[in-house]
Amino acid sequence: PAGGIPVGVMDNDFFMQSLAVNQVSFSKGDMFLQYTDGIVEGVNEAGEEFGMVRLMNAFRDAATMRLSAKETI
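Convert by adding 2 to the 1-based position in the sequence shown; the result is the number in my numbering.
Don't take each hint at face value.
Pair by pair, the computed Cβ-Cβ distance ranges are [said to hold, decoys possible]: (1) Lys72 to Gly49: 20 to 28 Å; (2) Asn46 to Gln25: 32 to 40 Å; (3) Phe28 to Glu50: 29 to 37 Å.
With a straight-line cut-off of 25 Å between C-alpha atoms, the simulated SDA-like cross-links for lysine to any residue are [to be verified]: (4) Lys72 to Val45; (5) Lys72 to Glu47; (6) Lys72 to Ala60; (7) Lys72 to Met33; (8) Lys72 to Gln36; (9) Lys72 to Phe28; (10) Lys72 to Asn46; (11) Lys30 to Phe61; (12) Lys30 to Arg62.
Bear in mind the hints are in silico, worked out from the structure with no lab data behind them. The beta carbon of each residue, even a glycine, is placed where N, CA and C say it ideally should be.
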């Protein structure tokens, strides 16, 4: 439910002064997805955007694999 721009995306004084602070708690087994618009706006040879639906499906599929962050590298 928390919104806003992730830490480290913008690095200037004006932005940092207007930054909304939110906290999100994670439990064991929770997953976190951070992405840029370049992922969802990427297009294939047919000109179709990857889109949010495909991103969420890919993330959901990866979550079922139960890999650690280290294993995904």
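Verification of the hints:
no. : hint                       : in the structure
1   : Lys72 to Gly49: 20 to 28 Å : violated, 36 Å
2   : Asn46 to Gln25: 32 to 40 Å : holds, 38 Å
3   : Phe28 to Glu50: 29 to 37 Å : holds, 33 Å
4   : Lys72 to Val45             : violated, 28 Å
5   : Lys72 to Glu47             : violated, 32 Å
6   : Lys72 to Ala60             : holds, 18 Å
7   : Lys72 to Met33             : holds, 14 Å
8   : Lys72 to Gln36             : holds, 16 Å
9   : Lys72 to Phe28             : holds, 18 Å
10  : Lys72 to Asn46             : violated, 29 Å
11  : Lys30 to Phe61             : holds, 17 Å
12  : Lys30 to Arg62             : holds, 17 Å
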